[in-house]
Amino acid sequence: MSGLPPHMAPALAGSAAQPAAPLLLALQQAGVQFGAQAALRDITLQIHRGDRIALVGANGSGKTTLLRLLNGLLPPTSGQRLLPAGGRPPITAMLFQRPFLLHFSVRRNLQLALWLAGVPAAERAARVDGALQRVGLQAKAALPARSLSGGQQQRLALARAWAVQPDILFLDEPTASLDPSAKREVEQLIDDFGQAGMALVMSTHNLGQARRLANRMLYLDAGRLLADLPVDDFFHRTDLPPEAAQFLKGELPWT
Amino acid sequence: MNAFSESVSVALNLIAQADAALWQIVALSLRVSTTACALGAGFGLLLGAWLAVARFPGHAVVVGVLNTLLALPSVVVGLVVYLLLSRSGPLGSWGILFTPTAMVIAQSILVVPLIAALTRQLVTDALREGGDELAAMGAGRLLSALLLLAHARLAVLTVLLTAFGRAVAEVGAVMIVGGNIDGVTRVMTTAIALETSKGDLPLALALGIVLLGVVAVINLAAGLLQRRGQAALPLTAGAAA
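Taken in order, these protein sequences are the chains called S and Z.
First residue of the first sequence: 54, per our numbering; consecutive thereafter.
First residue of the second sequence: 742, per our numbering; consecutive thereafter.
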């Protein structure tokens, strides 16, 4: 960061990933415009293998829009979304606050996700079993997915993500609607997924969770990326942009 | 009043004795309307799913027209199909006017807008809930819409039952293109109209009771499906394994 002239570095930045970690996805001065309103402005960032990114900011700051942009659900209206040159594009999966499960059995929901991801039929059964085992839902395989509890549904959504073995997993406030014990289970699984090598990009309102799960923090304010720092720096640096410092103070009033 | 109660008792007797003429009419009604709904479902479900995801200039106009056609009078459908199929019409060479096939065509046309409009709404609502997630899993828009039809299959079945209720109870279209020929194209509604005008109230009443019964069973089935749809769906639990 210190070496870059200010106009080259739109956000306060510092890398958390291994320098040699392969690049998976990047945004280059990307913006998203909804009618007259700019939802995201001039976002430049890179996601590397091993990144565990927490995306924080107030409601309406553009966290969900940024996740959608990164995941390709939304095209940038300015700037670019870049995939690494050569090789295959990264496999991505996304976890929503309230997972959308189809009115089928648990197993059928997983099979469908694998079919949509283009996984060959011969591989699907083993992957489904592996994913169910990973999240501890083997015993529920034949049940209707929608009959599961909130925490189990989120675990099934995690199994669905696990089954397609993504390079990057996007998570949009994955535990916001869960009770504390379900929240712990889901957090543990997310942590395991990160350990297993998936890059994580997670929006959250819970700074404790961000600290537990992430190694890199992005702070968004009114559609602009104001900070992109290793997690420890974000919580301890004294030269944060005033908006981010204010946000931290509001969220962690005792510090 | 006396004549009425007498008619009702004769009508109930006809039903109880499984009068052959009566059941022939009932069977043709059910066959024509079921076939029409199956055909209408083929077009209507696809049209509705496609309209839920398609974006093209004039889309709003098409949807507006479709919603207007929900109130399509059956006699108008009958008239149009009659003009198409009559000997001097463009499809006159088919020679199917005054046959059950013509009645099936007319009723199919009648139910397509109903099925398509309700399906479009249903898929639009489901897309709002899960469209992003399906897209994130790699499903294109049309594929998402079709998946959501399978996902919301109980609601789809309710739509089809509604369409069947409309088809089996309509009289205008089948009267015009079927001609109400005894033993060939006579269905419950046209028979009721004819027998009433002839003064054979017991047969008309018997048919009316059966028709009401059919519609009641359909409504009951639709209601049960809706209630079941609100609870968890055990339908496919075993099938998926």
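Just so you know, the hints here were simulated from the structure itself, not pulled from any lab data.
This structure is a prediction, so every number in the text was calculated from the model and none was measured.
No residue lacks a Cβ here, since even glycine has one placed at the ideal position from N, Cα and C.
Each hint should be verified, as a subset may be incorrect.
[Claimed, not checked] The list that follows gives simulated cross-link-like pairs (lysine to any residue, SDA-like), each with its CA atoms no further than 25 angstroms apart:
1) S/Lys193 x Z/Arg894
2) S/Lys193 x Z/Glu870
3) Z/Lys939 x Z/Val821
4) S/Lys236 x Z/Ala762
5) S/Lys193 x Z/Ala768
6) S/Lys302 x S/Arg265
7) Z/Lys939 x Z/Trp791
8) S/Lys193 x Z/Ala893
9) S/Lys236 x Z/Glu870
10) S/Lys236 x S/Gln150
11) Z/Lys939 x Z/Thr776
12) S/Lys193 x Z/Trp764
13) S/Lys302 x S/Val284
14) S/Lys193 x Z/Leu895
15) S/Lys302 x S/Gly250
16) S/Lys236 x S/Arg277
17) S/Lys302 x S/Arg277
18) S/Lys236 x S/Pro219
19) S/Lys193 x Z/Lys939
20) S/Lys302 x S/Gln248
21) S/Lys302 x S/His289
[Unchecked claim] Covered stretches of chain Z (chain S as the covering partner; in silico rule of three or more C-beta atoms under 8 angstroms from a C-beta of chain S):
22) 743 to 750
23) 866 to 877
Open item on the list: Check whether the Cα positions of S/Lys236 and S/Pro219 lie no farther apart than 25 angstroms.
Closed with: Holds - the C-alpha atoms of S/Pro219 and S/Lys236 are around 22 angstroms apart, at most 25 angstroms.
Task: Per-stretch coverage check for the region 743 to 750 of chain Z, three Cβ contacts closer than 8 angstroms to chain S - done: Coverage by chain S is violated here, the residue count being 0 at a Cβ distance below 8 angstroms.
TODO: Verify the proposed pairing of Z/Lys939 with Z/Thr776, using a straight-line Cα cut of 25 angstroms.
DONE: violated (30 angstroms)
TODO: Take the C-alpha atoms of S/Lys302 and S/Gln248, compute the straight-line distance between them, and say whether it is at most 25 angstroms.
DONE: Violated, at roughly 30 angstroms.
- [ ] Please work out if S/Lys302 and S/Gly250 have their alpha carbons no farther apart than 25 angstroms.
- [x] Status violated; Cα separation ~32 angstroms.
Open item on the list: Please verify whether S/Lys193 and Z/Ala893 have alpha carbons no more than 25 angstroms apart.
Closed with: holds (22 angstroms)
Open item on the list: Hinted pair, alpha-carbon criterion (25 angstroms max): S/Lys302, S/Arg265. Please report holds or violated.
Closed with: Distance of about 19 angstroms is within 25 angstroms: holds.
Task: Restraint check for Z/Lys939 with Z/Val821, where alpha carbons must lie at most 25 angstroms apart - done: Cα-Cα ~28 angstroms, so violated.
Open item on the list: Holds or violated: S/Lys193 and Z/Arg894, Cα atoms, limit 25 angstroms.
Closed with: With Cα atoms ~22 angstroms apart, S/Lys193 and Z/Arg894 stay inside 25 angstroms; holds.
Task: Hinted pair S/Lys302 and S/His289, Cα distance within 25 angstroms - done: holds (12 angstroms)
- [ ] With a cut-off of 25 angstroms on the C-alpha distance, tell me whether S/Lys193 and Z/Leu895 pass.
- [x] Satisfied, since the Cα-Cα distance of roughly 23 angstroms is no more than 25 angstroms.
TODO: Below or equal to 25 angstroms on CA atoms is what counts here, so check S/Lys193 against Z/Lys939.
DONE: violated (64 angstroms)
In the structure shown, a violation is registered for the earlier hints numbered 3, 4, 5, 7, 11, 12, 15, 16, 19, 20 and 22, in ascending order.
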